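Same order as they appear, the protein sequences are chains E and F.
The first sequence begins at 1 in UniProt numbering and counts up by one.
The second sequence begins at 1 in UniProt numbering and counts up by one.
One or more of the hints may lead you astray.
Which copy? The list can't say, so a pair holds if one copy fits it or any two copies do.
Stated by the list, open to error - Derived BS3-like pairs (lysine-lysine); straight-line CA-CA distance at most 25 Å:
(1) Lys189 to Lys4
(2) Lys208 to Lys140
(3) Lys130 to Lys85
(4) Lys94 to Lys127
(5) Lys85 to Lys55
(6) Lys25 to Lys189
(7) Lys63 to Lys127
(8) Lys208 to Lys55
No wet-lab data here; the hints were simulated from the structure.
For clarity, every value in this text was computed on a predicted model and none was experimentally measured.
Protein chains: 2
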Amino acid sequence: MRAKELMDKNFVYLNANDSVIEVSKVMEEIRRFTCPVVNDNKQLIGWVTSFDITKGLREGNEKISDIMSGYEEIGTVHADDPARKAVILTANNKFVTVPVVNDDKQIIGMVRACDIVELLSELYDIKVSKLYEAMQNQLKGVTWEELMAASALVSQKTTGVKISPEAYEENIMNSTFGEAIWSTGGLEKFFAGLISVGELVIARRVGKARR
Amino acid sequence: MRAKELMDKNFVYLNANDSVIEVSKVMEEIRRFTCPVVNDNKQLIGWVTSFDITKGLREGNEKISDIMSGYEEIGTVHADDPARKAVILTANNKFVTVPVVNDDKQIIGMVRACDIVELLSELYDIKVSKLYEAMQNQLKGVTWEELMAASALVSQKTTGVKISPEAYEENIMNSTFGEAIWSTGGLEKFFAGLISVGELVIARRVGKARR
């Protein structure tokens, strides 16, 4: 995924000559805490946050040019950069928004922290049962019942708590990938558990075939 | 993970009688776009954003009580709620911050969108090779070389592009879980590919044992 696929295209850009009072009204209306400032060629030349606005209003500054930060203080990503770059900039600098620029340094969109949360949380919300369905689909000839029986056994071995295949099935129907990796202690451990299940069903299938 | 484990404890809470001008300075200093308003018992009674502040400064409102939103307009989570609830509230409502309350409705922390991005992005940044290490560790007796050989074969079968075990190894050393799920087309597909590799190395091991 590229930055341009994640960015919000509905943003407002400001001109250095805009009035601080008018801009404050616009930012309230569109509910944006940060806005880019551009030149006549839509190139990013500065940045304004609500903090600049409140200070400007208190101190009676009239123009955006009086209160904006310079271009060099802003973390930007290129439209074709991996979306992950915007995610890392946001995470490391606690940014609310990261502007997206094209080859001519023109601003074409904004990646917002809340949009990143939405994107990343979709992954976390995938039901664990979907991963078991993918596993069953991959391991041709293995039934869902065999998979649940093997999973209950592996779970019992790992946690020491007895669980029926039916109870295990109910668990994975109701839990998400995000909950599963938190409860098992991380992606690697969660994944190792699934591999363990796969190993057991394959071993049982081989055992049956030999009989 | 619970909301209380994800929340930021360094926040500032406001009193309804605080001065709008003084609060604007504090919010600039601590760089927070939103602040909770509490009563003498630290119970959440309202909410102030930078939008309320800029409007208040323009219109000459003196006290926080004149500009704050009511408690009922705020999405809160309980300290013991799953952290996921704060993530979903943030994603669905485009919130910047979600306040965390205890049983007495006292505010004890704030979950910020940027903190969620940091948490979720850590998962995405796990190297794919770590998952292969977990797989090798799980499938006792399988060597790293056997795992890479099987992976190169599965990759070739899936993509139609010939790849050596060495080139495959280099790929997984340099790519992250986030990149891998985007490039394979989703978590289920990525996972099915890994199960496929596991299946192949097990089949090869069984084959060897029979000889």
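Structure-based check of all given hints:
1. Lys189 to Lys4: between (34 Å within a copy, 24 Å between copies)
2. Lys208 to Lys140: both (15 Å within a copy, 22 Å between copies)
3. Lys130 to Lys85: Intra 29 Å, inter 21 Å, cutoff 25 Å: inter-copy only.
4. Lys94 to Lys127: Answer is between; shortest inter-copy Cα gap is 23 Å, intra-copy 29 Å.
5. Lys85 to Lys55: This pair counts as neither: shortest intra-copy Cα distance 31 Å, inter-copy 35 Å.
6. Lys25 to Lys189: neither (51 Å within a copy, 47 Å between copies)
7. Lys63 to Lys127: neither (51 Å within a copy, 48 Å between copies)
8. Lys208 to Lys55: Answer is neither: 76 Å inside a copy and 74 Å across each miss the 25 Å cutoff.
The structure shown violates the earlier hints numbered 5, 6, 7 and 8.
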